[in-house]
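Kindly generate the complete structure, drawing on both the sequences and the hints.
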Amino acid sequence: MLSSSLGRKVVMALTGLFLVMFLLVHLSGNLLLFKEDGGAAFNAYAHFMSTSPIIRVLEIGLFAGIIFHFLEGVSLLRKNQQARPTRYAVKSPSSATWASRSMGLLGGTITIFLVIHLADFFYKSKFATPEPGVISVIDAEGTRDLYAVVREAFAVGWYSAVYVACMVGLALHLFHGFQSAFQTLGLSHRGYALLVRRIGLLYAIVVPLGFASMPVYFFLKSLN
Amino acid sequence: MSESTLNLTLKIWRQKNATDAGAFVTYKLDGVSTDSSFLEMLDLLNLQLIEQGEVPVAFDHDCREGICGACSMVINGRPHGPERGTTCQLHMRAFRNGDTIVIEPWRAKSFPVIKDLVVNRSSFDRIISAGGFVSVNTGAAQDANCIPVPKPDADEAFDAAACIGCGACVAACKNASAMLFVAAKVSHLAMLPQGRVEREARVLKMVAQMDEEGFGACSNTGACSAECPKNIGLQHIARLNREYQRASLLTGK
Ligand code: HEM
Ligand code: SF4
Ligand code: FES
Numbered sequence: 004m005l006s007s008s009l010g011r012k013v014v015m016a017l018t019g020l021f022l023v024m025f026l027l028v029h030l031s032g033n034l035l036l037f038k039e040d041g042g043a044a045f046n047a048y049a050h051f052m053s054t055s056p057i058i059r060v061l062e063i064g065l066f067a068g069i070i071f072h073f074l075e076g077v078s079l080l081r082k083n084q085q086a087r088p089t090r091y092a093v094k095s096p097s098s099a100t101w102a103s104r105s106m107g108l109l110g111g112t113i114t115i116f117l118v119i120h121l122a123d124f125f126y127k128s129k130f131a132t133p134e135p136g137v138i139s140v141i142d143a144e145g146t147r148d149l150y151a152v153v154r155e156a157f158a159v160g161w162y163s164a165v166y167v168a169c170m171v172g173l174a175l176h177l178f179h180g181f182q183s184a185f186q187t188l189g190l191s192h193r194g195y196a197l198l199v200r201r202i203g204l205l206y207a208i209v210v211p212l213g214f215a216s217m218p219v220y221f222f223l224k225s226l227n
Numbered sequence: 089m090s091e092s093t094l095n096l097t098l099k100i101w102r103q104k105n106a107t108d109a110g111a112f113v114t115y116k117l118d119g120v121s122t123d124s125s126f127l128e129m130l131d132l133l134n135l136q137l138i139e140q141g142e143v144p145v146a147f148d149h150d151c152r153e154g155i156c157g158a159c160s161m162v163i164n165g166r167p168h169g170p171e172r173g174t175t176c177q178l179h180m181r182a183f184r185n186g187d188t189i190v191i192e193p194w195r196a197k198s199f200p201v202i203k204d205l206v207v208n209r210s211s212f213d214r215i216i217s218a219g220g221f222v223s224v225n226t227g228a229a230q231d232a233n234c235i236p237v238p239k240p241d242a243d244e245a246f247d248a249a250a251c252i253g254c255g256a257c258v259a260a261c262k263n264a265s266a267m268l269f270v271a272a273k274v275s276h277l278a279m280l281p282q283g284r285v286e287r288e289a290r291v292l293k294m295v296a297q298m299d300e301e302g303f304g305a306c307s308n309t310g311a312c313s314a315e316c317p318k319n320i321g322l323q324h325i326a327r328l329n330r331e332y333q334r335a336s337l338l339t340g341k
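Protein chains in written order, with my numbering: chain Y, 4 to 227; chain G, 89 to 341.
Hints may contain errors.
Coverage of chain Y stretches by chain G, computed from C-beta distances (three or more under 8 Å per stretch; other residues unrestricted) [stated by the list, open to error]:
#: 1; region: 4–18
#: 2; region: 43–51
#: 3; region: 149–159
#: 4; region: 184–192
If you want the footprint, here are the derived chain G segments under chain Y, 3+ residues with CB under 8 Å [claimed, not checked]:
#: 5; region: 156–168
#: 6; region: 255–269
#: 7; region: 294–301
To be clear, the hints were calculated from the coordinates, so they are not data collected in a lab.
From the three backbone atoms N, C-alpha and C, an ideal C-beta is built for every residue, glycine too.
Have a look at this one:
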């Protein structure tokens with residue numbers, strides 16, 4: 004099943020929906036960044052996340068999910084391009100949404116984002132040796148001051164702008180992807196298709212907006 | 089609407105055979121009645137070409153009444169032209185005097201061009217041969233009430249059965265995917281008691297053949313359904329996905 008075009012789309016849909024759930028958890032945890040306590044709550048949360056064995060296991064699942072989603076996405080994209088070797092001379096305005104026709108491009112934007120994001124935050128929170136200018140340790144348990152890393156990173160205007168732009172890409176990917184995943188899984192019926200669409204729309208607006216608000220918040224904070 | 093005539097510029101894809109590179113050729117055609125159909129307009133052009141000793145434009149057509157699905161061509165970037173429905177049901181009143189009309193064949197690896205606007209759609213036939221039929225010998229026609237079919241199922245099956253295999257869905261899809269066509273066929277038979285007997289084997293074989301033919305995968309853009317002359321809906325694609333997953337889980341294939 005998993006080698007057919009329909010089976011590969013099932014992999015896309017399941018990994019996509021898994022990532023959708025992850026982003027919700029990720030966002031709710033990161034909302035601690037907005038707590039005006041100099042980052043104490045956020046750092047404690049980040050420390051738990053980077054040391055708990057349960058989170059370790061989930062993390063492996065998460066990376067597997069991203070990798071499968073990425074590899075299947077690239078392979079489907081290639082298959083789809085090969086299916087039309089000659090383009091049309093006239094392109095008429097399409098009845099399909101731009102997002103639905105640009106899932107590869109939007110996925111590519113997310114990939115670039117992930118590389119930057121993981122190198123700057125994930126790596127520093129777990130693997131980088133603590134040293135001035137990289138990340139510092141603030142207590143005896145080895146809690147790292149990830150809050151400061153976030154604050155400093157987002158004080159840079161262009162860096163924050165890149166983040167916000169990538170979140171627009173994510174929003175568009177999910178605007179189509181959320182409901183598309185349900186259609187791929189056959190979970191679409193006149194009775195609830197509209198509800199799925201609406202939840203997808205809500206998700207595609209709220210979650211990327213939540214993430215985008217973080218660089219904006221720290222950038223504005225750095226100004227005064 | 090009263091009849092008037094149009095003077096048109098036509099840019100048509102000309103390709104001698106499957107191996108020829110092909111190119112657009114521009115023609116002037118005057119005095120086209122707004123009451124004529126699009127295919128009659130092409131007939132008029134071909135008469136003009138024959139009189140000039142040139143090779144007429146090859147295009148597919150058969151019933152000319154919107155039921156056979158033969159009349160494949162992309163007109164100004166849209167399969168079957170600016171209106172919902174087949175090319176043979178498109179009338180020249182949809183165009184204006186002085187218009188330039190660009191006509192291309194369906195573009196898909198699985199629909200290779202045979203000549204000019206004519207493409208080879210045998211890939212669709214092979215998908216049907218793979219399982220798009222009921223193979224039990226049904227004998228003489230049954231009494232209408234002997235196999236009860238719920239009315240909503242009958243309606244849904246009938247809507248799916250309206251597919252004429254024209255290929256506009258493939259032509260419209262950015263991935264040249266045949267999902268809507270296969271969905272219509274699978275859905276049609278899976279909704280009815282006669283077809284349900286072989287539903288697992290059918291969907292697995294038809295999907296395997298669809299992939300084998302080199303059609304793209306479905307990105308759920310919905311461009312297919314928007315161009316389908318028979319209004320085949322996207323719910324049939326959801327059903328195809330369900331049927332396929334169900335069959336895979338039940339048969340382990
Ligand atoms: C690693 C970067 C990513 C790439 C390269 C990527 C690529 C793609 C592509 C190409 C598709 C469309 C498949 C098709 O049209 O057939 C897709 C669908 C999807 N993506 Fe992503 N994506 C990425 C990240 C994400 C993330 C982070 C999420 C969720 C938070 C996500 C959620 C989805 C969903 C729900 C679908 C719909 C599946 C379906 O159509 O059935 N993707 N992705
Ligand atoms: S689904 Fe519609 S567009 Fe596709 S082959 Fe059937 S009738 Fe034509
Ligand atoms: S010629 Fe038969 S549908 Fe157009």
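Status of each hint after checking the structure:
Using a Cβ-Cβ cut-off of 8 Å, 8 residues of the region 4–18 of chain Y lie near chain G, which meets the minimum of three, so the contact claim holds. Check result for the region 43–51 of chain Y against chain G: violated, 0 residues qualifying (beta carbon to beta carbon below 8 Å, three or more required). Against chain G, the region 149–159 of chain Y contributes 0 residues with a C-beta closer than 8 Å to a partner C-beta. That does not satisfy the three-residue criterion, and the hint is violated. Under a criterion of three residues with beta carbons nearer than 8 Å to beta carbons of chain G, the stated coverage of the region 184–192 of chain Y is upheld, 7 such residues being counted.
Restraint check on the region 156–168 of chain G versus chain Y: 4 residues with Cβ-Cβ distances below 8 Å, three needed, restraint holds. Figure legend: the region 255–269 of chain G, annotated as covered by chain Y; annotation consistent (4 residues with Cβ-Cβ distances under 8 Å, at least 3 required). Only when three residues or more bring their CB closer than 8 Å to a CB of chain Y does the claim for the region 294–301 of chain G stand; here the count is 4, and the claim holds.
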